[in-house]
Amino acid sequence: MYEHDVIVVGGGGAGLRAAIAAHEEGADVAIVTKLHPVRSHTGAAEGGINAALRDGDSWEDHAYDTMKGADYLSDAPAVDTFAQTAPEEVIQLEHWGMPFSREDDGRVSQRPFGGLSFPRTTYAGAETGHHMLHTLYEQVVKRGIEVYDEWYVSQVAVTDEDDPNERDCHGVVAWDVQTGEIAGFRAREGVVLATGGLGQAFDHTTNAVANTGDGVAIAYRAGVPMEDMEMIQFHPTTLPSTGVLISEGVRGEGGILYNSEGERFMFEYGYATNDGELASRDVVARAELTEVNEGRGVEDEYVYLDMRHLGEERITDRLENILHLAEDFEGVNGLEEPMPVKPGQHYAMGGIEVNEHGETCIDGLYAAGECACVSLHGANRLGGNALPELIVFGARAGRHAAGADMPEPKIETGPYDDAEREELGVPVGAPDGDADAVEPAADGGEAVDADDRSPDAVVEATAEAERERIDTLLEREDGVNHADVRSDLQESMTANVNVFREEEGLKQALRDIQRARERYQDVYVADKSRTFNTDLQHTIETRNLLDVAEAITMGALARDEFRGAHWRKEHQERKDDEWLKHTMVSWNDGEPELWYRPAILEGDEQTYEPKERSY
Amino acid sequence: MSESYDRGLVEDFGRWREFSAGMWAWVFHKFTGWVLIGYLFTHISVLSTSLQGPETYNQTLSGLESLALVRLLEVGLLAVAVFHILNGIRLLFVDLGVGLESQDKSFYASLVLTGVIVVASVPTFLTGAF
Amino acid sequence: MAERYSSFSSGSTTWLLQRVTAAFLVVVLAFHFFLLHFVHHAYEIEFLGSQARMQDLGYYVTMILFLVTATFHGVNGVYNALVNQGIDGKAKRAAQIVLGVASILLVVQGVRVANALAGF
Amino acid sequence: MSTQTPETETETESETEQPASSPHQERRLAEKRERAEREAAEEAADATKFDGETLELKVFRYDPEIEGKEEPRFDSFTVPKEQGMTVLDALIFARDEYDSSLTFRHSCRQAVCGSDAFFVNGQQRLGCQTQISELDTPVRVEPLPHQDVVKDLVVEMDHFYDQMETAQPFFDPDDLPEGELEEQRQSRENREKIKLSTRCIWCGACMSSCNIAAGDNKYLGPAAINKAYRFYMDEREGEQKRQERLEIIEQEHGVWRCQTQFSCTNVCPKDIPLTEHIQELKREAVKQNLKFW
Ligand SMILES: Cc1cc2nc3c(=O)[nH]c(=O)nc-3n(C[C@H](O)[C@H](O)[C@H](O)COP(=O)(O)OP(=O)(O)OC[C@H]3O[C@@H](n4cnc5c(N)ncnc54)[C@H](O)[C@@H]3O)c2cc1C
Ligand code: HEM
Ligand code: SF4
Ligand code: F3S
Ligand code: FES
Numbered sequence: 010m011y012e013h014d015v016i017v018v019g020g021g022g023a024g025l026r027a028a029i030a031a032h033e034e035g036a037d038v039a040i041v042t043k044l045h046p047v048r049s050h051t052g053a054a055e056g057g058i059n060a061a062l063r064d065g066d067s068w069e070d071h072a073y074d075t076m077k078g079a080d081y082l083s084d085a086p087a088v089d090t091f092a093q094t095a096p097e098e099v100i101q102l103e104h105w106g107m108p109f110s111r112e113d114d115g116r117v118s119q120r121p122f123g124g125l126s127f128p129r130t131t132y133a134g135a136e137t138g139h140h141m142l143h144t145l146y147e148q149v150v151k152r153g154i155e156v157y158d159e160w161y162v163s164q165v166a167v168t169d170e171d172d173p174n175e176r177d178c179h180g181v182v183a184w185d186v187q188t189g190e191i192a193g194f195r196a197r198e199g200v201v202l203a204t205g206g207l208g209q210a211f212d213h214t215t216n217a218v219a220n221t222g223d224g225v226a227i228a229y230r231a232g233v234p235m236e237d238m239e240m241i242q243f244h245p246t247t248l249p250s251t252g253v254l255i256s257e258g259v260r261g262e263g264g265i266l267y268n269s270e271g272e273r274f275m276f277e278y279g280y281a282t283n284d285g286e287l288a289s290r291d292v293v294a295r296a297e298l299t300e301v302n303e304g305r306g307v308e309d310e311y312v313y314l315d316m317r318h319l320g321e322e323r324i325t326d327r328l329e330n331i332l333h334l335a336e337d338f339e340g341v342n343g344l345e346e347p348m349p350v351k352p353g354q355h356y357a358m359g360g361i362e363v364n365e366h367g368e369t370c371i372d373g374l375y376a377a378g379e380c381a382c383v384s385l386h387g388a389n390r391l392g393g394n395a396l397p398e399l400i401v402f403g404a405r406a407g408r409h410a411a412g413a414d415m416p417e418p419k420i421e422t423g424p425y426d427d428a429e430r431e432e433l434g435v436p437v438g439a440p441d442g443d444a445d446a447v448e449p450a451a452d453g454g455e456a457v458d459a460d461d462r463s464p465d466a467v468v469e470a471t472a473e474a475e476r477e478r479i480d481t482l483l484e485r486e487d488g489v490n491h492a493d494v495r496s497d498l499q500e501s502m503t504a505n506v507n508v509f510r511e512e513e514g515l516k517q518a519l520r521d522i523q524r525a526r527e528r529y530q531d532v533y534v535a536d537k538s539r540t541f542n543t544d545l546q547h548t549i550e551t552r553n554l555l556d557v558a559e560a561i562t563m564g565a566l567a568r569d570e571f572r573g574a575h576w577r578k579e580h581q582e583r584k585d586d587e588w589l590k591h592t593m594v595s596w597n598d599g600e601p602e603l604w605y606r607p608a609i610l611e612g613d614e615q616t617y618e619p620k621e622r623s624y
Numbered sequence: 558m559s560e561s562y563d564r565g566l567v568e569d570f571g572r573w574r575e576f577s578a579g580m581w582a583w584v585f586h587k588f589t590g591w592v593l594i595g596y597l598f599t600h601i602s603v604l605s606t607s608l609q610g611p612e613t614y615n616q617t618l619s620g621l622e623s624l625a626l627v628r629l630l631e632v633g634l635l636a637v638a639v640f641h642i643l644n645g646i647r648l649l650f651v652d653l654g655v656g657l658e659s660q661d662k663s664f665y666a667s668l669v670l671t672g673v674i675v676v677a678s679v680p681t682f683l684t685g686a687f
Numbered sequence: 007m008a009e010r011y012s013s014f015s016s017g018s019t020t021w022l023l024q025r026v027t028a029a030f031l032v033v034v035l036a037f038h039f040f041l042l043h044f045v046h047h048a049y050e051i052e053f054l055g056s057q058a059r060m061q062d063l064g065y066y067v068t069m070i071l072f073l074v075t076a077t078f079h080g081v082n083g084v085y086n087a088l089v090n091q092g093i094d095g096k097a098k099r100a101a102q103i104v105l106g107v108a109s110i111l112l113v114v115q116g117v118r119v120a121n122a123l124a125g126f
Numbered sequence: 016m017s018t019q020t021p022e023t024e025t026e027t028e029s030e031t032e033q034p035a036s037s038p039h040q041e042r043r044l045a046e047k048r049e050r051a052e053r054e055a056a057e058e059a060a061d062a063t064k065f066d067g068e069t070l071e072l073k074v075f076r077y078d079p080e081i082e083g084k085e086e087p088r089f090d091s092f093t094v095p096k097e098q099g100m101t102v103l104d105a106l107i108f109a110r111d112e113y114d115s116s117l118t119f120r121h122s123c124r125q126a127v128c129g130s131d132a133f134f135v136n137g138q139q140r141l142g143c144q145t146q147i148s149e150l151d152t153p154v155r156v157e158p159l160p161h162q163d164v165v166k167d168l169v170v171e172m173d174h175f176y177d178q179m180e181t182a183q184p185f186f187d188p189d190d191l192p193e194g195e196l197e198e199q200r201q202s203r204e205n206r207e208k209i210k211l212s213t214r215c216i217w218c219g220a221c222m223s224s225c226n227i228a229a230g231d232n233k234y235l236g237p238a239a240i241n242k243a244y245r246f247y248m249d250e251r252e253g254e255q256k257r258q259e260r261l262e263i264i265e266q267e268h269g270v271w272r273c274q275t276q277f278s279c280t281n282v283c284p285k286d287i288p289l290t291e292h293i294q295e296l297k298r299e300a301v302k303q304n305l306k307f308w
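Chains as they are written, first to last, in the numbering used here: chain A, 10 to 624; chain B, 558 to 687; chain C, 7 to 126; chain D, 16 to 308.
Just so you know, the hints here were simulated from the structure itself, not pulled from any lab data. Everything numeric in this text was worked out from a predicted model, so none of it was measured. Treat the hints with care, since some could be wrong.
What the hints assert, rightly or not - Here are the computed lysine-lysine pairs in the DSBU-like style, where the Cα-Cα straight-line distance is at most 30 Å:
1) 620/A - 584/A
2) 96/C - 587/B
3) 210/D - 151/A
4) 151/A - 419/A
5) 84/D - 537/A
6) 73/D - 662/B
7) 233/D - 256/D
8) 233/D - 210/D
9) 537/A - 73/D
10) 98/C - 302/D
11) 256/D - 210/D
12) 96/C - 662/B
13) 96/C - 210/D
14) 256/D - 151/A
15) 151/A - 302/D
16) 208/D - 662/B
17) 302/D - 587/B
18) 233/D - 587/B
19) 233/D - 208/D
20) 151/A - 233/D
In isolation and in its complexed conformation, chain A is listed as follows (with noise of 0.2 Å):
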């Protein structure tokens, strides 16, 4: 067994800056990540980092932006920490040495960005993930906080109470990928969970191929709801054939969208008649699926992206790497001719629940970044936002976990027993209502001996119920392969919970979903090696995408309205009397429970008005 006072679990920028953060409160911190840092997708990012930095802007105005974008489904107390907070971490990543896009004057530069009243997106050019996560890691290389790399973790070890509520976490499970090991790490202090998206849950995302909802499905099934998660993000502007991004920044520099007939639709067919290509994403997303469902598309699939009136030395000043995807994976020069552009999943903005200090309702288990939800996107994530929440809740989450003094938290967690319950009617959860016949182990809670509860003893009971599962796995001679399940997921979810969502296909994707998980019962690896089994690691990854993808789909079926990113055919309008309210799944040991959560819209300083959303 392993021990430190802090784990983080994820290598990424919001793991990276939590390990930092837990590192300066003077706790012993080690990093237990799949990849190596480097290698997280963070460094995929293009765009920019959101902060008021200057004269002119304000944090008020950037929570607004925020609190409008998420068409008032954040909780405020996540917004106005976000928003005051991100100046200070991005001038802090300055001092880190980031690389920044600058001035004349030497001050780092900002770009308009989609659903901003000002300019204040910070940017690296269009590589600013990738300079973000270097630049962290470089920090954490400086102050020589250990990093487990290839290190995958498949379990929490949490004590075994019936209220979520009252469960402690101890650490984790991991497994070395390289060798097979499999061992405990006991968390003195605390784990905070920084694992990223989920977007292999889609056929066509923007995530890597490692962004499988790991965390958020570890959690769940450990005690902690899962928050919104049908609100998930789809980018307007991705290659068609790969799903590899193309950043927001191109329409931030003035790239214009064209359909087939040579119009500019945002403007002419009135999406956004203000805005127009610098609209909110959702409202984008939809703008191209309408111009394609209506004809107008170019091969009935995508539309065009064109920068080339931006001229070439402004493109390969800002946009350089932009040129470098376009050629690479789609074969067109952006200089020369418009890109073909489709939406595609791109961004979870729910996750698991927690609050402005990234604590779960299990006490010593935090997340953070994507994985999390703090509420701070709501229904709709601008772009550019997501960078700052990762050092600003990292930043947060490694504090607190690491023991740091944090005043009382104004939002909530954990189920509680008067909230308002829903009751679907498909059938979720494990097959017949039977959490044991889901696969051969646990799956987390439920793992622990009742006599011994001292920390040590949690988690290599963990550890001992996790050697089980895998070895009852490498064990089977054949059966179903996980790739299959998978990509049936994909497609499903791809065809009926994408942008635009009608009843009848979500309650198909939940019936999917079932046979999903009946067929998984099954799942064999054919791998039996003990070194470097990626067939396993992807086969255990596969169930978390199920449970993950059960939440969105099962969020998006109760949520009978059209709220940013997510959009109900039956239900056209936004409906504010009923629904200014979270939707929250528990896994409730296998028989999944949906919830609703009020949203937060008071904040210290300001109150939100939900008002009319257009751009």
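Model the placement of chains B, C and D with the ligands on the given structure of chain A, informed by the hints.
Just chains B, C and D with the ligands now, with coordinates in the frame of chain A:
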């Protein structure tokens, strides 16, 4: 690097074939450098015959020069020296950071020029050898 | 963990000298070749001719410099090549000694030859 | 790139108005037609698995634990050839369709994570960045040379990471501006100077291609030296650290080992002019040392 087993194909074959210009330049420069320093030692030992007096010196030199093999080797030496000089100049430019983009072209140029100079000097070198 | 290289031994001097000698050698070697193969043909070289050239002080100095720089350049080049192959510890020490001794012998012998020719 | 429809006249006048007639559009239409045809054909002829064009992928296999794989060998996979297919796509296909134990690192699919540097047809390349159509067939995929193989295409990266860390890859300014929200100033020119060097994705291709690094285990290697360059040339870097860093790169197994073979520069997927950066640091080291005399 400690290889835990023989990586046969990966490490041996298929590699030199894929060498790029810069790698070949390095191989040739190394080879010619070693030949030159080898020659320097030989050269000084041949010239050392002068310590035994003019006759020995003259005899050794003309003796050697009358051998066709030695004449051929001299052409080889010229080739080696010319390449080492030309590529050496190329390397000096590289060290100064000049013309890095055309480093492959300058390597090919050194090769071609070496060839031309050697061919052009063959008559001079082989006069009376056969 | 990689070892942090603590013992500071700069390679910049020998690196620079290798380039400086190379620049010098370009000129002298070309001159040498030209003189002894094209102006005078190698097969015509005689003691008297060599002696006559060597007695010119400028030529004598040039040749000694040629010898010294070429020796340094060549031997240092060989040494570098060996280090590039990763030789270390004892083998490296041995290479230093062998190459060092060889170059001293070469230079001494070369100077004796030059002196003999010049008649010093 | 392969199909360039000669369309010069129409293009100049109707560039922005009619993107619909761009060569790209036509190419995609053609592709789509082709794909539809291929799919139809596939259904018709069930007997032969793929009817369209296929390619042969030869992949290096090794697993110290599995009988029959302890001895390195090459496996052949037949993969249907698709437009825009990359080496990584082909590997994924082979894994998902034929042999789920085929092991290789990959994640981002867009040349930023640096996981999938392989030795493809004798050159170090990123799988996700290499179009199959640009390669001779059969396509031979091997793990990066000069590194221990863990399994199949997965190599041991620790040595590479160690060398990167030896270069002290972090920023260490002398003093920071007063006031919490004051950034350090940096000129555009200076940012431009370090720009290319900051692109490194730690893929290890350069190190694997370098003959010197292969022979001399202690050689810092092009990526680590480039990392040092990135900080050394940054005008925000502190004087103290700059000196320390210079000492690290100019010790015996630092910059001097580079023999300007350029193969690192040739293989770098991020087009970083590595040799140029190494050479610049050599000159810098000489200059600094001359100053002390
Ligand atoms: C193409 C693209 C462009 C984007 N551009 C922008 C932008 O311009 N501006 C912006 O603000 N946002 C942008 N975003 C969003 C933003 O980049 C992401 O939300 C953010 O980087 C997520 O960071 P993270 O630290 O939460 O996760 P990641 O960076 O994905 O890191 C996750 C980490 O968790 C580890 N991990 C995962 N599962 C496990 C496990 N089971 N065990 C151990 N370790 C595990 C991984 O190894 C990895 O290190 C973009 C996103 C994408 C996909
Ligand atoms: C005439 C002009 C010459 C030039 C311009 C020249 C140039 C160079 C340069 C630049 C190098 C260094 C290569 C590197 O470190 O990357 C080198 C290496 C070398 N030179 Fe020369 N050189 C010349 C003459 C000579 C002579 C006369 C000799 C023999 C005595 C010689 C022997 C060597 C050797 C042995 C090496 C090392 C090769 C290796 O890397 O293994 N050179 N030369
Ligand atoms: S310098 Fe280039 S080749 Fe080397 S590790 Fe970095 S990106 Fe890869
Ligand atoms: S390949 Fe090696 S020799 Fe130098 S130029 Fe690159 S480091
Ligand atoms: S998969 Fe990330 S670089 Fe190729």
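Results of checking the hints against the structure:
For the suggested pair residue 620/A and residue 584/A, the alpha carbons sit about 12 Å apart, so the restraint of at most 30 Å is met. Proximity of residue 96/C to residue 587/B is assessed by CA-CA distance (about 24 Å); at most 30 Å being required, the pair is judged to hold. Our distance criterion of 30 Å between C-alpha atoms is met by residue 210/D and residue 151/A, whose separation comes to about 22 Å. A hinted pair counts as satisfied when its Cα atoms are at most 30 Å apart, and residue 151/A with residue 419/A does not qualify at roughly 35 Å.
Distance restraint check for residue 84/D and residue 537/A: the Cα-Cα separation of roughly 12 Å lies within the 30 Å cut-off, and the hinted pair is therefore satisfied. Restraint check for residue 73/D and residue 662/B: the C-alpha separation of about 33 Å exceeds 30 Å, so the hint is violated. Distance hint between residue 233/D and residue 256/D is fulfilled; the C-alpha atoms sit about 22 Å from each other, no more than 30 Å. For the proposed pair residue 233/D and residue 210/D, the alpha carbon gap of about 27 Å is at most 30 Å, so the pair holds.
Between residue 537/A and residue 73/D the alpha-carbon distance is near 22 Å, which keeps this suggested pair within the 30 Å criterion. For the hint pairing residue 98/C with residue 302/D, the CA-to-CA distance comes to about 28 Å; that is within 30 Å, so the pair holds. Using a Cα cut-off of 30 Å, the hinted pair residue 256/D and residue 210/D holds, with the two alpha carbons roughly 20 Å apart. Straight-line distance between C-alpha atoms of residue 96/C and residue 662/B comes to about 41 Å, which puts the hinted pair past the 30 Å bound.
Taking the CA atoms of residue 96/C and residue 210/D, the gap is near 43 Å; set against the 30 Å cutoff, the hint is violated. For a cut-off of 30 Å, the pair hint linking residue 256/D to residue 151/A stands: about 12 Å separates their Cα positions. Between residue 151/A and residue 302/D the alpha-carbon distance is near 28 Å, which keeps this suggested pair within the 30 Å criterion. A hinted pair counts as satisfied when its Cα atoms are at most 30 Å apart, and residue 208/D with residue 662/B qualifies at roughly 26 Å.
Restraint check: the Cα-Cα separation between residue 302/D and residue 587/B comes to about 27 Å, which is no more than 30 Å; the hinted pair holds. Our distance criterion of 30 Å between C-alpha atoms is met by residue 233/D and residue 587/B, whose separation comes to about 21 Å. A hinted pair counts as satisfied when its Cα atoms are at most 30 Å apart, and residue 233/D with residue 208/D qualifies at roughly 28 Å. For a cut-off of 30 Å, the pair hint linking residue 151/A to residue 233/D stands: about 21 Å separates their Cα positions.
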